[in-house]
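2 protein chains.
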Amino acid sequence: MAKIIPVKNGTKKDVITNKASAFFMEKGFTATSMRDIAEAIGVEAPSLYNHIESKHEILKDICFDIARLFTGHLKKVELSGDSFLAKIESIIRFHISMMIEKYEAVYISDHEWKHLTEPFLSDFKNQRRNYRSRLAALLQKGIDNKEINPINPYVAVLTILSAISGIESWHRSGKKIYAESLEENMVHILIEGLRNQPRKSAGKALKKKSQSKIISLTTLKPSLKK
Amino acid sequence: MAKIIPVKNGTKKDVITNKASAFFMEKGFTATSMRDIAEAIGVEAPSLYNHIESKHEILKDICFDIARLFTGHLKKVELSGDSFLAKIESIIRFHISMMIEKYEAVYISDHEWKHLTEPFLSDFKNQRRNYRSRLAALLQKGIDNKEINPINPYVAVLTILSAISGIESWHRSGKKIYAESLEENMVHILIEGLRNQPRKSAGKALKKKSQSKIISLTTLKPSLKK
DNA sequence: CTCAAAAACTAATAAGTGTTAGTTTTGAAA
DNA sequence: TTTCAAAACTAACACTTATTAGTTTTTGAG
Numbered sequence: 438m439a440k441i442i443p444v445k446n447g448t449k450k451d452v453i454t455n456k457a458s459a460f461f462m463e464k465g466f467t468a469t470s471m472r473d474i475a476e477a478i479g480v481e482a483p484s485l486y487n488h489i490e491s492k493h494e495i496l497k498d499i500c501f502d503i504a505r506l507f508t509g510h511l512k513k514v515e516l517s518g519d520s521f522l523a524k525i526e527s528i529i530r531f532h533i534s535m536m537i538e539k540y541e542a543v544y545i546s547d548h549e550w551k552h553l554t555e556p557f558l559s560d561f562k563n564q565r566r567n568y569r570s571r572l573a574a575l576l577q578k579g580i581d582n583k584e585i586n587p588i589n590p591y592v593a594v595l596t597i598l599s600a601i602s603g604i605e606s607w608h609r610s611g612k613k614i615y616a617e618s619l620e621e622n623m624v625h626i627l628i629e630g631l632r633n634q635p636r637k638s639a640g641k642a643l644k645k646k647s648q649s650k651i652i653s654l655t656t657l658k659p660s661l662k663k
Numbered sequence: 438m439a440k441i442i443p444v445k446n447g448t449k450k451d452v453i454t455n456k457a458s459a460f461f462m463e464k465g466f467t468a469t470s471m472r473d474i475a476e477a478i479g480v481e482a483p484s485l486y487n488h489i490e491s492k493h494e495i496l497k498d499i500c501f502d503i504a505r506l507f508t509g510h511l512k513k514v515e516l517s518g519d520s521f522l523a524k525i526e527s528i529i530r531f532h533i534s535m536m537i538e539k540y541e542a543v544y545i546s547d548h549e550w551k552h553l554t555e556p557f558l559s560d561f562k563n564q565r566r567n568y569r570s571r572l573a574a575l576l577q578k579g580i581d582n583k584e585i586n587p588i589n590p591y592v593a594v595l596t597i598l599s600a601i602s603g604i605e606s607w608h609r610s611g612k613k614i615y616a617e618s619l620e621e622n623m624v625h626i627l628i629e630g631l632r633n634q635p636r637k638s639a640g641k642a643l644k645k646k647s648q649s650k651i652i653s654l655t656t657l658k659p660s661l662k663k
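One line per chain: the protein sequences are U and W, in this order. To convert, note that position 75 of the first sequence is 512 in my numbering; the numbers rise steadily by one, no gaps. To convert, note that position 29 of the second sequence is 466 in my numbering; the numbers rise steadily by one, no gaps.
You may find that some hints are simply not true.
Because identical chains cannot be distinguished in the list, a pair is counted as satisfied if it fits within a single copy or across any two copies.
Claimed, not checked - Think about it this way: if two alpha-carbon atoms lie no more than 27 Å apart in a straight line, the pair counts; the simulated BS3-like pairs of lysine-lysine are: (1) K492 to K464; (2) K513 to K492; (3) K539 to K497; (4) K492 to K578; (5) K583 to K440; (6) K497 to K551; (7) K551 to K464.
Hints are computed from structural coordinates only; laboratory data are not their basis.
Given only the sequences and the hints, what does the whole structure look like? Please build it.
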């Protein structure tokens with residue numbers, strides 16, 4: 438009769454959550470079965486229910502744990518006395534280090550949250566929207582302050598957050614990159630792209646026909662709900 | 438007895454692929470059932486098999502169709518006489534417009550490819566690696582040429598591609614952004630972040646303790662395969 | 001109208017899902 | 001050694017899954 442052996446300073450639930458995280462990242466939440474997780478730990482699937490409520494609870498714990506860390510850091514940055522560009526840089530660095538140190542949980546929180554069940558799904562989406570709004574507000578203040586180039590702050594938030602979330606795919610690729618080098622290079626690209634200083638265009642490719650398609654929810658097909 | 442009605446210049450298979458794309462994006466490949474797709478079209482699930490081989494074939498078609506478009510554009514850019522920075526800009530603009538015009542298929546190709554079955558999975562991963570290598574090579578030449586700031590070209594590729602793939606999340610958010618504005622802002626941030634010109638740091642946040650953790654496949658837990 | 005092919009249908013299969021019920025084993029405190 | 005709760009087990013349930021087989025309906029050409 439096998440059993441769950443917790444690591445030092447951890448609970449048996451942590452063992453399950455960690456093993457589940459690896460599977461959720463590798464195969465996705467839906468494609469991972471409780472039997473997958475149980476087998477990897479070395480017990481039978483029903484035994485897991487002595488320690489967890491449900492499969493969805495595991496996902497909820499992962500997502501809300503990560504959300505809490507990001508929100509906590511943002512609050513500290515908002516209260517700091519740094520310049521707005523430095524605030525943004527601090528947030529970028531925090532995201533990168535989270536991606537490096539807790540990449541499975543961050544990846545799941547980024548890519549599998551849609552499988553959360555209510556009321557957690559709505560709660561998570563609200564937190565996400567709120568976080569991005571506050572980030573955009575910081576950027577806007579930096580723009581007003583002339584520290585940051587007058588760009589659309591929502592586009593900038595989008596660009597920053599998704600650039601960083603892509604670090605995950607480098608984890609998979611097997612390419613060796615030092616975390617420090619990754620961080621410095623990525624921070625450079627993003628911060629220099631934001632900094633306010635007039636520049637000339639890259640040339641030929643800039644001459645492009647204008648288009649004015651609006652991106653919004655209205656372009657999404659409705660009613661996919663079951 | 439309901440039936441599949443193809444749109445002009447399209448096959449019945451196209452109808453299935455398009456409806457499936459919407460579901461794959463909304464719920465993910467695994468969480469989408471053939472009955473979901475069939476019901477949305479207005480037929481019974483087994484009827485779909487008069488037009489497709491399998492659920493996995495739909496995914497394969499979506500992913501390889503998108504891969505073909507990106508590879509085709511890259512080939513044209515490689516053969517052009519533009520500067521390397523202009524080549525990169527052209528690729529960035531192509532990615533953004535693909536994301537705007539075919540966002541469902543691009544999203545699926547980005548996020549659901551891991552559910553491909555062999556031999557298509559290996560083929561897709563090879564194409565992906567190859568594409569990124571060629572992009573990194575263009576960046577490296579731009580660096581050698583002093584058009585582009587001497588950064589790690591792999592990090593730059595990662596930053597560019599993932600920044601753009603995040604446009605999808607703006608589709609979901611309901612925020613109205615003009616496609617033109619999105620493109621110009623995002624191109625600005627990325628191109629200015631790449632351009633070679635010495636700059637000073639953002640300040641306080643730059644003074645950060647050094648870390649030297651290596652990111653590589655070896656840090657991933659092995660043997661999640663079933 | 002005839003007839004054949006295309007494409008829909010119903011019924012069923014075999015496998016897999018998360019989870020519960022009830023039972024046995026384990027391990028530490030007394 | 002006894003005792004008891006924690007935590008493992010087996011068996012099973014009620015569903016859902018992609019897909020196949022076999023049958024009926026629809027459709028368009030001759």
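Comparing the hints with the structure gives:
{"no.": "1", "hint": "K492 to K464", "result": "both (15 Å within a copy, 17 Å between copies)"}
{"no.": "2", "hint": "K513 to K492", "result": "neither (33 Å within a copy, 48 Å between copies)"}
{"no.": "3", "hint": "K539 to K497", "result": "within (16 Å within a copy, 31 Å between copies)"}
{"no.": "4", "hint": "K492 to K578", "result": "neither (42 Å within a copy, 49 Å between copies)"}
{"no.": "5", "hint": "K583 to K440", "result": "neither (60 Å within a copy, 60 Å between copies)"}
{"no.": "6", "hint": "K497 to K551", "result": "both (11 Å within a copy, 23 Å between copies)"}
{"no.": "7", "hint": "K551 to K464", "result": "both (15 Å within a copy, 7 Å between copies)"}
Violation of the numbered hints given earlier is confined to hints 2, 4 and 5; the remaining hints are satisfied by the structure.
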